[in-house]
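Number of protein chains: 2
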Amino acid sequence: MVETHSEKSGSATVAPSMVWDAWGVPAGHQPLSAQIRGLLTQVFGISGEPVARRDEGDVPLRPSVLTDADRDGLVDVVGAEHLSTADVDRLRHAGGKSTPDLLRRRETAPQDAPDAVVFPADHAEVLALLRYCAEHGIAVVPFGGGTSVVGGVDPVRGQFATVIALDLRRLDTLTEVDPVSGTATLGAGLTGPRAEELLGAHGLSLGHFPQSFEFASIGGFAATRSSGQASAGYGRFDDMVVRLAVATPQGSLDLGRAPASAAGPDLRELFVGSEGTLGIITSVTLRVHPVPDTTAYQAWSFPDFATGAAALRGLVQTGAAPTVLRLSDEAETGLNLARSGDVGGHPVSGCLAITTFEGTAAHVAARSAEAEALLTAAGGTALGEAPARQWAHGRFAAPYLRDALLDVGVLCETLETATSWANLANLKAKVTAALTDALGAQGTPALVMCHISHTYPSGASLYFTVVAKQLDDPIAQWRLAKTAVGDAIVAAGGTITHHHAVGADHRPWMAAEVGDLGVRVLRAVKRELDPAGVLNPGKLMP
Amino acid sequence: MVETHSEKSGSATVAPSMVWDAWGVPAGHQPLSAQIRGLLTQVFGISGEPVARRDEGDVPLRPSVLTDADRDGLVDVVGAEHLSTADVDRLRHAGGKSTPDLLRRRETAPQDAPDAVVFPADHAEVLALLRYCAEHGIAVVPFGGGTSVVGGVDPVRGQFATVIALDLRRLDTLTEVDPVSGTATLGAGLTGPRAEELLGAHGLSLGHFPQSFEFASIGGFAATRSSGQASAGYGRFDDMVVRLAVATPQGSLDLGRAPASAAGPDLRELFVGSEGTLGIITSVTLRVHPVPDTTAYQAWSFPDFATGAAALRGLVQTGAAPTVLRLSDEAETGLNLARSGDVGGHPVSGCLAITTFEGTAAHVAARSAEAEALLTAAGGTALGEAPARQWAHGRFAAPYLRDALLDVGVLCETLETATSWANLANLKAKVTAALTDALGAQGTPALVMCHISHTYPSGASLYFTVVAKQLDDPIAQWRLAKTAVGDAIVAAGGTITHHHAVGADHRPWMAAEVGDLGVRVLRAVKRELDPAGVLNPGKLMP
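Chains as they are written, first to last, in full-length UniProt numbering: chain A, 1 to 542; chain B, 1 to 542.
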C-alpha cells in the first residue's frame, strides 16, 4: 500500500482518498452479480470476465515541473509537510470520476497530474496561496473529494506552466453551531459523513445525501450546486447555504448576513456554483435540522412514467412533498436499478416510486397520510416499505456498479438535466433518442434508463443511465454520444446540468445556457477577482 | 383634475398613478378615527386637525432640461404620444413614497423631477431607449408603481445633465401561461391587482401580497426582492422567479432555463434585487398556483413576544408553516395596529399572531391541524377567525394611515430588517433603543412597534413602525433617527433591509452588508453592462 498525504495526516478522522482508477474505496468494490453477468451476456454478448487493474505505483505520470522557487514560496505558506510532489498524491488529484476520466486512467501512456498538491490549514492559508499563485502565474485547481463527473478538477494549466491542486481536507472543523436558528458553520473540506458525524454530536443533521455523499466535500457541494436525494424535503444544497466565506486572489468575501435580504443582488448565488473559478469557498454556514425522530418509508407503483410524473407533480404543487421523492421509468424499474441488491433480477413492470418522510412523529404521520391520499388518487399503488428501504440501503452503491461494468467492457455513464413539468416528456424522449441514435450509429445499441429524483413546483430533474458495449476507443465512442445529447438537451429546452455542474465537459453549452451577455458578466466578475486568471482554468466559462 | 399620461392610455385596465404627495388613490384616503385622535392628544399633545394639501397643479417644478435633439431621439423609439414633459407626469415620477419623500413634497420650493417620462411599449423599445441614453449620456430611472420607500426612484442625474423616468406600465400583458408547470410570464409593468386579474382568468394566482400590492409592479417586485404577506406559504418574490428578461445598454439577457440548474452561478440572482442599476427587467416568468379552494383563518394570542417568536420558529422549523404567519409585539398588539378598524381602540394585552392556510380543502385541514397543535403546545391561545379576517381586510391600509398622521403633525415611518432566530431579540432591542434614543434626544419621545411578518427556518424579519411628534424640520429629525438605526442594525448583525431594498437611503450601509470586495464585484458587473453609468444613478452601489 502506497502511503499518501491523507493517511499521514494527524487530523482526527481522515477523509479517505478515493482509489486512483475507480470510485470510492476498495471495500466498496464488488464483482458483478450472476444476475447482471447473465444479462450482459444476453444483451451485449459480453462474458463478464473483468480485466485486471493496475497498481497505482505502476502508473507513469508526466514529471512535476514545479520550480524550487515556487516550492519554497508555497511551503512558506503551508509548511513543508503540507506540500507534496509525490506521484501517489499527484495521481490521486489527477482528475475526477466521470466515465471518460476512469477510462483515461486505464491508458498506459503517462498521465497528466498536478505538479504539486498543497494542503492549507485554514482560510488565511488559502488566501495566501491564491495571492502567491496569482503573483507567480501558477494555476490552482481547488480539490475537495475529487468526485466531479464533469472534469471539474482536471489539472488544466491554461496559459500557465505550472498547476497545483489545492486540497481542502484540512479545513475540516465544525466552527459554529446555532441550534436555535438551526444553522452550523462547516469547513469546506469536511466530507458528507464527517459533517454528519460532527453535527450528530449536537443532535443535528444536514440531510444532504447526493450519490457522492461518502467522499464529496462541503465546499464541493457549494461550488457545484449539488442536490441530494432528500432535496424534496431539505432542498438543494444551494437552498441550505445561509452564509459563505470565499478566498480570492483579491481578498476575502463573507456573504449572507441574514436568512433573507433585499440588500441588492444575492452575491452568495454568484459563488455557489462558481466551481472554483471565481474564488475558493472555505467555509459554509448551512441550514441544519434536528436528527429526525422518525423516518417512514413507502414505495409506490405507477402504471407508466407519465402517470407517475403527474402524481409527483401533484404532490409538489400541493405543497405536500415528502423528504425523498423519486420515480424510475419503465426501463430502470424493469432492471431493478433502484434496488441495488436486485439489479438485473426478476423484471418488474410499471414504474417504481420511492417516498420517505422524516421529522417528528406527528409531522411524519400528517405528511405521509396527505401524500398517500394524493398518490393513490393519482393512480399509484402502495408497495409497502420494503422496496423503499432497499433503495435507501443501496443508494450510494451505483458508482461501484459502474466500475464493475467498465471492468468487463461495458460502457456505463450517467447524465442529468431538468426542465418544466410541461416539457418533461419531450425532453426525456429527445435525450433518450440522442443517446440511442448516437450509440446505435456506432454499432453499439444502448440501454437508456431514467429517473426523476429532484422535484420542484415548476418542474423536475431527469437523471439518465446509459449502458452499451464498449468499442475499442470507448472515450471517443462516448464523446460522440455526449455531444449529441448535450445538443439535444439545449435544443429541447433543458438545462445542460441539474446538479453535476459544468466543469470542463459542459462548457460547450454554457453560452446557450446563459447567453453571450451572461458569459460576459461571468468573465467581468472573474476579471475583478482573479485578474491573473489562475483559478481553475478551463472550467465553467466558455 | 389634471389629465395625465396614464389616464390617456388606451390599454384595457390602466394602472392608476398614485397621487403626487401621498400614498395611493384619493378613494383610499380617510380621516383619522376619533380613537386615534384621542390617543394622539393624550400621548403627543397633538390636536389632530389636518393641514390642507396642495393641488398638484400648483406645485412648482424645476424646468425640464431635455434638449430638442434628445426629445427627437427618444420619440423616435417610443412615438411622440409616449413621451411626456408635462409637469403633471414629471411630478408623478418625482420620487417614491417614503416619509421623507412625502415630507419633501410638502415643501414649497421648486421640486426635482425627471426631465421627461417615456412609456416604452415592449422589451425592444426598452432596449433601444437604453442604447440611446447610454450613447447620449442621459440618466435613466426605471419606474414601475413608484412605491419605493427607500429613494429607489429618485430622479438622480449623477454625472449627467438630463434624467428621464422610464415608466414600464405599457409592458402589461400576460404573455404565457403554463398551467401544468404552474408558471406564467408577466410584463414588468403589471400591477399586483392586474396580474392577479389576468391570472385569475386562468384559475391561477401569484399570491404575492406586499403592502404595496395595489400599486407596485411585477418588475419592481423583482428588482427590489419584494416579500409579500403570504411569504410563509408562497415564498418571497425572488423564490417565485423562474425566468426573467433583462434589457441593458449592452443587450438582452434571458436567464433561467430550468426550475433548478447547476450550470454555474445563478445569474438571475444578480438581476433580482439589482434595482435598475444593472439593467431593466422587462418580463418575469413566475411560479403560480391554482386559486385556492379554501382559506382558513386563525388568530392566536401569546403571553409575550419571546414566546410567540419561539412558537413561529417551531412551526417553520418543523416544516409546518401556514400561508400567512405574523406576530405583533406587545406595543403593536396593544394599539391594535394589526387590525385597521380598531387602531388605537381598546388596548389588548399579550402578542397577537395571525395565521392563514390556503389550498385544497384536504391540504388546509391537514396543515391547520398540525399548526394548531404546535402553536398550542408552544403556549398560544387560539382567538378564532375574527382578528385574522380583520387583519386581512385592512392589510393594505397602513400607508393611508401614515398619510393621515403626517397631515396632523405626527412623524410616522417604517423600517425593516432580518436576522437569525438566535439574534432576533437582541436586534429588536437594539433597533428599538436606537429609535427611541435618537428621537428622544431631540425632545420627541417615540412609540416603537414591531412585528414578524416573514419567517425562515434560520430566522425572521422584524418590521418596525415608529411614531413621534414632528419637529419643525421633520426630514432632519428623521434623518438622525434613520442614521442611528442603520448603524444599530449593522452593529447588531442584521441586514440593512429585508424587503424594502437599498435605493438611495440604504447605500451608506451597503459596504457593511457585502464587504468592499462585494461592492467591487457589483461595480464590475455594472461596468460590463452599463459602461456609461446611465442606469439609475445614486442607487444601490455605494
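Everything labelled a hint here was simulated from the structure, so no lab data went into it. Treat the hints loosely; a few may be bogus.
DEER-style ranges, computed between Cβ atoms [as the list claims (entries may be wrong)]:
1. D112(A) x D254(B): 55 to 61 Å
2. Q159(B) x A86(A): 33 to 39 Å
3. A27(B) x P531(A): 39 to 45 Å
4. D472(A) x D516(B): 55 to 61 Å
5. G200(B) x D487(A): 37 to 43 Å
6. D487(A) x H29(B): 56 to 62 Å
7. A310(A) x G158(B): 51 to 57 Å
8. R527(A) x A27(B): 28 to 34 Å
9. N426(B) x A306(A): 49 to 55 Å
10. R523(B) x H202(A): 53 to 59 Å
11. P531(A) x G203(B): 19 to 25 Å
12. A86(A) x D516(B): 55 to 61 Å
13. A201(B) x A310(A): 56 to 62 Å
On a predicted model such as this, the values are computed, not experimentally measured, just so you know. By construction, the Cβ of each residue, glycine as well, lies at the ideal position given by its N, Cα and C atoms.
**Q.** Outcome of range test on Cβ distance (D487(A), H29(B); 56 to 62 Å)
**A.** The hint (56 to 62 Å, Cβ to Cβ) holds, given that D487(A) and H29(B) are roughly 60 Å apart.
Q) Okay, A310(A) versus G158(B) on CB: inside 51 to 57 Å? A) 53 Å, holds
Q. Is the gap between the beta carbons of R527(A) and A27(B) within 28 to 34 Å?
A. 53 Å, violated
Q: With respect to the beta-carbon atoms only, verify the hint that P531(A) and G203(B) lie 19 to 25 Å apart.
A: 53 Å, violated
Q: Could you check the hint for me, namely that Q159(B) and A86(A) are 33 to 39 Å apart, CB to CB?
A: 58 Å, violated
Q) Is the gap between the beta carbons of G200(B) and D487(A) within 37 to 43 Å? A) 40 Å, holds
**Q.** Consistency of beta-carbon spacing, H202(A) to R523(B), with hint 53 to 59 Å
**A.** Given range 53 to 59 Å: violated, Cβ gap about 40 Å.
Q: Using the Cβ atoms, figure out if A86(A) sits within 55 to 61 Å of D516(B).
A: At 40 Å between Cβs, range violated.
Q) Does the Cβ pair N426(B), A306(A) satisfy 49 to 55 Å? A) Given about 53 Å between the Cβ atoms, the range holds.
Q. Is the distance from the Cβ of D472(A) to the Cβ of D516(B) consistent with 55 to 61 Å?
A. About 56 Å separates the Cβ atoms of D472(A) and D516(B), which means 55 to 61 Å holds.
Q) Do A27(B) and P531(A) keep their Cβ atoms within the hinted range of 39 to 45 Å? A) 57 Å, violated
Q. Do D112(A) and D254(B) keep their Cβ atoms within the hinted range of 55 to 61 Å?
A. Check failed, 37 Å falls outside 55 to 61 Å.
Consistency note: the structure conflicts with the earlier hints numbered 1, 2, 3, 8, 10, 11, 12 and 13.
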